[in-house]
Every structure is written in C-alpha cells, then in structure tokens.
Amino acid sequence: MTQSSIPLARERRNGVRSAFAGVGRNYYLMGILSGIAFLAVWQGVSMNVPPIILPTPASVMTALIQLTASGELVKATIQTIWPFAIGLVVAFVVGTVFGLLLGIFRPAARVLDPYIFVFWSIPDIAWLPLFIAWLGVGNLTLVVFVFMSAVFPQLLTVEAGAKEADSFLVEVARSLGGTKHEILRAVVLPSALPYIIAGLRIAVGRALVGIIVGQLLIVATGIGYMFQFYGETLSLAKYFAPLIVVAALAIALNRGVNWAERVFIPWKLRAFT
Amino acid sequence: MPELEFINVRKSYESPTGDRLTALDNFTLKVDGGRFVTVVGPSGCGKTTLLRMAGGLIPWDSGGEIRLDGDVLEGPSPKMSMVFQGIGLMPWKTIGENVALGVQMQVHRAKLTAEEDQLVHATLAMVGLKGFERYYPYQLSGGMQQRVGLARALVRQPEILLMDEPFGALDAQTRTVLQDELLTLWGRVKTTVLFITHDLDEAIYLSDIVVIMGRRPGRIKEVLDVNLPQPRYTYDARAEKEFARLRSIAWQSLREEL
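Quick mapping for you: the protein sequence lines, in order, are chains A and B.
The numbering of the first sequence is the working numbering, which starts it at 1 and goes up by one.
The numbering of the second sequence is the working numbering, which starts it at 274 and goes up by one.
What the hints contain is simulated information worked out from the structure, not anything from laboratory work.
Take these hints with a grain of salt, some might be off.
Here are the simulated lysine to any residue pairs, SDA-like style, with alpha carbons at most 20 Å apart [as the list claims (entries may be wrong)]:
#, chain 1, residue 1, chain 2, residue 2
1, B, LYS463, B, ASP481
2, B, LYS366, A, PHE168
3, B, LYS366, A, ASP166
4, A, LYS268, B, LEU413
5, A, LYS163, A, ALA109
6, B, LYS403, B, GLU389
7, B, LYS366, A, ILE183
8, B, LYS366, A, PRO190
9, B, LYS303, B, ASN500
10, B, LYS366, B, GLY329
11, B, LYS384, A, ASP124
12, A, LYS268, B, THR367
13, B, LYS366, A, ALA109
14, B, LYS366, A, ARG262
15, A, LYS180, B, ARG382
16, A, LYS268, B, PRO410
17, A, LYS180, B, LYS366
18, A, LYS268, B, ARG293
19, B, LYS366, A, ILE132
20, B, LYS366, A, ALA260
21, A, LYS163, A, ILE104
22, A, LYS180, B, PRO332
23, A, LYS268, B, TYR409
24, A, LYS180, B, HIS381
25, B, LYS403, B, GLY415
26, A, LYS180, B, GLY329
27, B, LYS366, A, PRO194
28, A, LYS268, B, TYR408
29, B, LYS494, B, ILE522
30, B, LYS384, A, ARG185
Values in this document were obtained by computation on a predicted structure and should not be read as measured data.
I would like the entire structure built from these sequences, with the hints used as guidance.
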C-alpha cells in the first residue's frame, strides 16, 4: 500500500512526471510504444541511406520470412543451440560445484586461486587456435569454447558467494548445536544461492558470445556462420535475420534466469520492482 | 533444577599492538536453577563476551571454569538455547522452518517426528504466532521476528535460556509487551534464565537477581536481590517503592562506570 502511495505523492508535486505516470506502470504499453518508436527511427534512417548500409525494416522482415520458410534459419538455430546449451550446462555445473568447494575449503582455494585467475584473465578468443589444434574443427571445439567462456564467471561468483556466508548466522547455527555439515546445509549453501543465479546470468551472456564467435571464426555453422556469410556478401537484409534470433534467444534466456531467481530465492526482498 | 556456575572466569584478547586486553576478569557467579538472573553493565564491560562463553561459542582463559549442572562446559550444549539481539533468523527459511531448525540441530536429524512437528506449531502458538508458519522473516515486524527467535529457543525445551539484549533493537512499546510475554512464558516453562541488558529498568523488572558489572576489565560490582513478587505483569511493578529503591541503588553503582 505504501509502496504505491509514495510515488503518487511525488507525481503530484512534479507536473512533468505525472504526464507519464500511467505509462510507467503499464509495461505492455511502454513496450509497444518503444517498439514503434524504434521501428520509426529505423525506417526514417534507412530511407535516407543506401540499403547496403542499412536495410529497411520491411526488407528485413521479408528476409526473415524467406530464411525461415527455406529452413535455413531453423537449421542454423539448432546448430547453434546444441553446442551452446551443452557448453553452458557443463560450465554451470562445474563452475557451481568447484566454486562452492573453493569457497568452503579455503586452503584449497589459496592454492588454486592464482591458476584460476590466470586462466580467467586470458581473453577467451586466445584459446581458439589451441582448441582447433587439439580438437580439430567441429562441434566439440565449440562446446569446449562455450564452456571456457562461461565457466570462470560462474566459478568465481559462486566462490565469492560461498565465502560470504554471514558469520553471525553461522554463530547462531553453532549456538543451536549445528555440526559442520548441518551449518553447511542450513547456512552456507542457501546464502550462496543468490550468487549461483547471479553467476548464471553472467555465464549465459558469455556463453552466447562464445558460440557466435566460435561459429563465426572457425567452425562455420549455425547462426555465427550466417553472420559471416551475409556480412561478407553484404546481404544486409538477410544479415539481420540471425541477429533477431540471437536477440530473441538472449531475451528468452534472461527471462529464464529471472524465473529461476523468483523460484529459488523467494526470500529476497526486491528493492525495485 | 539445572544451574550455571562461573568460577573465576577470565577472558583476554590480544590487541593489534600485541599486548593483552582483559575483557572480563575474576567473574564468579552461581545462577541457581529456575532463577531469572540479569547482568547489567555499560557497553564494553564484557557482558556479551560472558554470554557467548556461557553458550559455548568462545573459549575462556585457562584457570577459570564454567559449569553446567556440575560438568565443565564444552561447546554449545543441547540443554541450552540462546536468543540474540540480532535475532539471526535464516532469511531463506520460513518461520516454521526457522523454529524447526532449533530442534533439528539439537537432535541432529533433518526429518522431524510428528511429535516434534507438533511442538514446533505449539511453540509458535505460545509466542502468539499461530498461522505464521509459512511466512518469511522479512514479512514480519521486528517484534514478531524476535518472537520467532524466542520460539526457536523454547522449542528446544532448554534447561537454560541465554538472552543477549534480545529486546535492545525494538521500539519502547514492543519491548514492554515482549518483556511481559517473556515473564509469562518463563512462568510456564520454568527454565533458568541468564539475561544480558544495558537497560536498568528492564533488568529490575524481569529478574530475581540483578548483577551489576563494572568495566575495563569487566568484573562483578554488585549483586542485587529483587524482592518484588512474580509474576510482575499482574500488577504495576514499575510503580512500586521497592522498584524505585532498587533502581536508585543500581543507578548509583552503574553511573560510576559510565
């Protein structure tokens, strides 16, 4: 109740703000309006430059329909999603498990942290030639590259989370007679959960970059290859189709993480809704 | 009735500059079974240190002893429960799960029996939180959260209840209400209570015995018997002459330490 009354009071004081007050609360309307504005600007610019610089929204839509109907886009999307998903899932599991272990067993972390830091600091792209030499040019290389892109943010975030367990809550659990194992289950693991989700959010983004870069630069399949092919042949209308797929994929994945956040950490008070 | 005994307890820390800092010295006190004993003192007098040692959370210096029922205390005991000013509810557990944790860590078993489960509900009802089992701590006010803290302690059916300024962070009205509820509960469960506070009125109102501490190093300065009949919420104990007399003596003693 108070949550909604506070902004209202502010809006009454501020005349400019009150004009947009209704819009601010209607996310659908806000989304549609911003979408229309975006398309209008795109249309306006594309009408004033050659199509080789920026195609019109309509020609992009046509290309999207064509590529979908021919099956090319669907096939490319599947070729992209599989190595992406496998690499991301393995990175998530490995990053979470090792992050927890390193966060809990500090002596192990003191030994391993420098190595992790070194691997983490090397730009992912620098691994590619090595992976090709070791694994050849194929899906396995893509999976490993996605894994390498995503595993370190997951691991480091979870490790930080497992270290962060509130020392007061640990003391409370000790006062109740909790054993090490019980304290781990009741205090340390739950307090690391928000970090596991936060790590996933970063890992998803990095894995997506990894798969596109990998397909664009080496393996020449899937969405990444579509970028390369239509980019080099300057078929920009068709170039935008995979771009839309990647954007849709990114949005869907982000929604998935939001959902996981709501389901797995329901106790988190959201400061901003 | 179980009793808690401090014999010549001393606690010192090493300061960053290398010399020893004595937080508590020569502390000898016998808390008889079933009594409500409050330790009151200025901040920095070592009263929280005292309670954490009594709870088995930190060790004391060699030479002294803390005995529970005659046995030297070795770590947190399932016979005791602690209540903290910071409450310390697990934010990821519901109210019911938080109270259940008190039993789970006492019996070292995650699955509660039907009987234990019943006890969790009954204890929540006892502190006035029937029906709040499925709420999360953040959905409750500070006073209600401390009731949960109390329930988590009482569900263990402790022989000794250790309370570290449990109402210190609450507003004045809520504090008064909870003081009365604590006395009511104590009348029902009859455990031994060791209570820490810096609030003199609270100390006199609640307890049978008030221990006044001096500071640096913390030590016992004065022990007062409070001869006001229990239960005190049945009459206006704070308006009694005896209350004013004790308050005045205690205040004289305490102010020299501020």
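Hint check results:
A distance of roughly 13 Å separates the Cα atoms of LYS463 of chain B and ASP481 of chain B; the hinted pair therefore holds under the 20 Å criterion. Using a Cα cut-off of 20 Å, the hinted pair LYS366 of chain B and PHE168 of chain A holds, with the two alpha carbons roughly 16 Å apart. This hinted pair checks out: LYS366 of chain B and ASP166 of chain A have alpha carbons roughly 15 Å apart, not beyond 20 Å. Our distance criterion of 20 Å between C-alpha atoms is met by LYS268 of chain A and LEU413 of chain B, whose separation comes to about 14 Å.
Under the criterion of a C-alpha separation no larger than 20 Å, the hint pairing LYS163 of chain A with ALA109 of chain A is consistent with the structure, at around 11 Å. Taken as a hint, the LYS403 of chain B and GLU389 of chain B pair is honoured in the structure, with Cα atoms around 16 Å apart against an allowance of 20 Å. Note on LYS366 of chain B and ILE183 of chain A: the hinted pairing holds, with a Cα-Cα distance of about 14 Å set against a maximum of 20 Å. Only pairs whose Cα atoms come within 20 Å are accepted, and LYS366 of chain B paired with PRO190 of chain A is accepted, the gap being roughly 9 Å.
For a cut-off of 20 Å, the pair hint linking LYS303 of chain B to ASN500 of chain B stands: about 18 Å separates their Cα positions. Our distance criterion of 20 Å between C-alpha atoms is broken by LYS366 of chain B and GLY329 of chain B, whose separation comes to about 25 Å. For the proposed pair LYS384 of chain B and ASP124 of chain A, the alpha carbon gap of about 46 Å is over 20 Å, so the pair is violated. This hinted pair checks out: LYS268 of chain A and THR367 of chain B have alpha carbons roughly 12 Å apart, not beyond 20 Å.
A distance of roughly 29 Å separates the Cα atoms of LYS366 of chain B and ALA109 of chain A; the hinted pair therefore is violated under the 20 Å criterion. Taken as a hint, the LYS366 of chain B and ARG262 of chain A pair is honoured in the structure, with Cα atoms around 15 Å apart against an allowance of 20 Å. A C-alpha spacing of about 14 Å is found between LYS180 of chain A and ARG382 of chain B, which places the hinted pair at or below 20 Å, so the restraint holds. Between LYS268 of chain A and PRO410 of chain B, the direct Cα distance comes to roughly 10 Å. Compliance with the 20 Å bound is thereby established for this hinted pair.
For the hint linking LYS180 of chain A to LYS366 of chain B, the alpha-carbon distance of about 19 Å falls within 20 Å, and the restraint holds. Taking the CA atoms of LYS268 of chain A and ARG293 of chain B, the gap is near 42 Å; set against the 20 Å cutoff, the hint is violated. Annotation: proposed proximity of LYS366 of chain B to ILE132 of chain A is violated, straight-line Cα distance about 48 Å (limit 20 Å). Using a Cα cut-off of 20 Å, the hinted pair LYS366 of chain B and ALA260 of chain A holds, with the two alpha carbons roughly 17 Å apart.
Pair hint LYS163 of chain A plus ILE104 of chain A holds up; C-alpha atoms about 7 Å apart against a cutoff of 20 Å. Between the alpha carbons of LYS180 of chain A and PRO332 of chain B the distance comes to roughly 18 Å, so the proposed pair stays at or under 20 Å and holds. Taking the CA atoms of LYS268 of chain A and TYR409 of chain B, the gap is near 10 Å; set against the 20 Å cutoff, the hint holds. At most 20 Å may separate the alpha-carbon atoms for a hinted pair to count; LYS180 of chain A and HIS381 of chain B meet this at roughly 11 Å.
Taken as a hint, the LYS403 of chain B and GLY415 of chain B pair is honoured in the structure, with Cα atoms around 17 Å apart against an allowance of 20 Å. This hinted pair checks out: LYS180 of chain A and GLY329 of chain B have alpha carbons roughly 15 Å apart, not beyond 20 Å. Our distance criterion of 20 Å between C-alpha atoms is met by LYS366 of chain B and PRO194 of chain A, whose separation comes to about 14 Å. For the hint pairing LYS268 of chain A with TYR408 of chain B, the CA-to-CA distance comes to about 13 Å; that is within 20 Å, so the pair holds.
This hinted pair checks out: LYS494 of chain B and ILE522 of chain B have alpha carbons roughly 12 Å apart, not beyond 20 Å. Restraint check: the Cα-Cα separation between LYS384 of chain B and ARG185 of chain A comes to about 14 Å, which is no more than 20 Å; the hinted pair holds.
In summary, the structure is inconsistent with hints 10, 11, 13, 18 and 19 from the numbered list given earlier, while agreeing with the others.
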